[in-house]
Amino acid sequence: MDNRVLATKNVNPFTPARLRRTIILGFKSLWLHRLRSLLTVLGIVFGVCSVIAMLAVGEGASYEAQEQIRRLGSNNIILHSVKPPDTDSNSTEQTYVIEYGLTYKDLERIRGTIPGVTVVVPNRIMRKRIWRATYRADADIVGTVPWFPEMKKLRLAEGRFFSDLESYEKTNVCVLSASLAPKLFPLKKPIGQKVRVGSNYYQVIGVIDVETGRPGSSDEGSRLDRLYIPLTTARARFGEILRKRSSGSFENEKVQLHEAIVQVHNQQEVEEIALIIEGILQRHHKKRDFELEVPLELLRSAEATARTFNILLGSIAAISLLVGGIGIMNIMLASVTERTREIGIRRALGAKRRDIITQFLIETVLLSATGGALGVIIGIMIPIGIGAMTDMKTIVTPEGPILAFSISAVVGIIFGIYPAIRAANMDPVEALRHE
Amino acid sequence: MTVAVASIARLEQVTKTYYMGSEKLDALGGIDIDILEGEYVAIMGPSGCGKSTLLNILGCLDRPTSGHYILGDVDVSQMEDDSLSEVRGSKLGFIFQSYNLIQQLTVIENIEVPLYYQGIAGEASRDIAVEMAKRVGLGDRLDHKPFELSGGQQQRVGIARSLVNDPIVLLADEPTGNLDSRSGAEILDLFNELHGQGKTILMVTHDDDICNQSQRVIRLRDGLVESDIRNG
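Line by line, the protein sequences are chains S and C.
Counting in our numbering, the first sequence runs from 1 upward without gaps.
Counting in our numbering, the second sequence runs from 1001 upward without gaps.
Hints are not guaranteed to be accurate.
To be verified - Think about it this way: if two alpha-carbon atoms lie no more than 30 Å apart in a straight line, the pair counts; the simulated DSSO-like pairs of lysine-lysine are: (1) S:K83 - S:K153; (2) S:K83 - S:K28; (3) S:K28 - C:K1134; (4) S:K83 - S:K189; (5) C:K1145 - S:K28; (6) S:K83 - S:K393.
What the hints assert, rightly or not - Cβ-to-Cβ under 8 Å is the rule here; a few derived chain S residues that face chain C: (7) R18; (8) G26; (9) L281; (10) R283; (11) K286; (12) R288.
To be verified - Okay, the calculated bits of chain C under chain S, using three or more residues with CB under 8 Å as the criterion: (13) 1054-1064; (14) 1208-1216; (15) 1221-1230.
Read the hints as simulated data drawn from the structure, not as lab findings.
For clarity, every value in this text was computed on a predicted model and none was experimentally measured.
Note that the Cβ used here is the ideal one computed from N, Cα and C, for glycine as well.
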């Protein structure tokens, strides 16, 4: 007689061979309901690929914004002249001269009072028509200082920027922005040629490089039509009063400087110094006719916005994964009911509750992991597609797919536990009787 | 009768009571049965007599309300769930009326299921299963799915599956109930053959012809043993 001891053997369901069998079995059961499995998995696929795509787009956008701001220089404080709003009301008088904006004296004061500030770039911007033979273009004439390109992080495609000497001697030299050059010189090399503004001729000595500003960004030098001349020359040739034609009447404006860049040596002090400058300017300006732009502040707020944006996108994606998980749970519950008899058979043939739990849990994890893997593939392709079809920048960081895939696996386990336990807790007798 | 033959499954004063709400229902009212090694026993009785309940207890799928069930030499009457699973998997072989094969698995995989829960896998498992399939005459159908087989063939798979763990008792619940008379007869021949090889068989049936093939017939009525006759 066969008298093997009836002690309970502890058969570990997690040996590699058994686990492999269970996984193969899981695939078989899922394959039996191909369409249903596919539809179930879609929820996870969309969840995962939206996590990846959204993170990539968000990452790209914030990178783009930060790059743009960084190009303005995070050590810089940019001052703008602004026309005070209340001057508009009495501008009906034709000969009235509106005087506003930053003055040379303001810069002297800033230079004189604040120790951490070294370079100050004053700019004067005027809209004028520029001629070269029969070619013409409307552009901003920018009167500036020789160290302007260094401050704005511009490079020259050819030629050079004007020197201290040329600035000192008020020479008629000019540098063209990348977009202006082909308008005036469609066929010729511009260097050494002359352009005319009003009654004065200026010799072209350089052209700004297009590459400096990437397309799509509103950058100095690449997209804007600009003609750079020495500030001293600008003052001497155009005087202090600018005449603007607006809706039939003339408007005279007296603006000394339109823009100035203050560079702070220590980045820690940027925000503090911005406040001091604002104080100094406020004391000497009756009206609010200036504006301070602090790229560092913009950078900080852009980073904060990116964070908020990412949290928002992340929660939307997490919700879609949650919905996917609920879908999986729904299907697994249906599958458990449908396979009640199979569960009964397995229990009768010696399966322990643990074996049944393992079987159903593995099926759920297979579903969600397959969905996760598909989602990762599609999710990486979407940002590539977006990048190819639009000029939006997307960045897929490794964290995105890893995060999305692990969430999907966790979702599978969490939403698989309940159906699996339900399957295991069935009474074998009842389960065998189930039709 | 030889006195030396060992008892292999013994029920002592086994009762089973169900509660349907507040209603008390005595399915088994105190059963004493002693099944000896190598016996071929038919259990008969009208429906509602407690046959299924008795078979569930004998098959360790259910526990008696009171009394003892000694299988081999172990009292399994109040074992906890996992231990009962272990007993079912290692000591018992089940053959069902409706075959109860797993539809998504092939013949060979169905036969392997009990081995899997005993921790036997890979080559060893496959070898045993192939041997069993040959023994029931299905050596050439190993990779068929159950729905590709006739009823008689499916029941052969069921029998091969019940043998695969070398159980001490085979429990058959109307194994020919879903079959035509010819395949039914073939299945009964197979049971006779197994009995001849020394297997202990317990079969629930309606069919008087089957009774005549068995050594011993136990008739139940209203949850009690009505008669227990050995045919010589």
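Here is what the structure says about each hint:
no.: 1; hint: S:K83 - S:K153; result: 28 Å, holds
no.: 2; hint: S:K83 - S:K28; result: 75 Å, violated
no.: 3; hint: S:K28 - C:K1134; result: 25 Å, holds
no.: 4; hint: S:K83 - S:K189; result: 39 Å, violated
no.: 5; hint: C:K1145 - S:K28; result: 13 Å, holds
no.: 6; hint: S:K83 - S:K393; result: 36 Å, violated
no.: 7; hint: R18; result: 6 Å, holds
no.: 8; hint: G26; result: 11 Å, violated
no.: 9; hint: L281; result: 81 Å, violated
no.: 10; hint: R283; result: 86 Å, violated
no.: 11; hint: K286; result: 87 Å, violated
no.: 12; hint: R288; result: 78 Å, violated
no.: 13; hint: 1054-1064; result: holds (count 4)
no.: 14; hint: 1208-1216; result: violated (count 0)
no.: 15; hint: 1221-1230; result: violated (count 0)
Violated hints, listed in ascending order, are 2, 4, 6, 8, 9, 10, 11, 12, 14, 15; each of the other numbered hints is respected by the structure.
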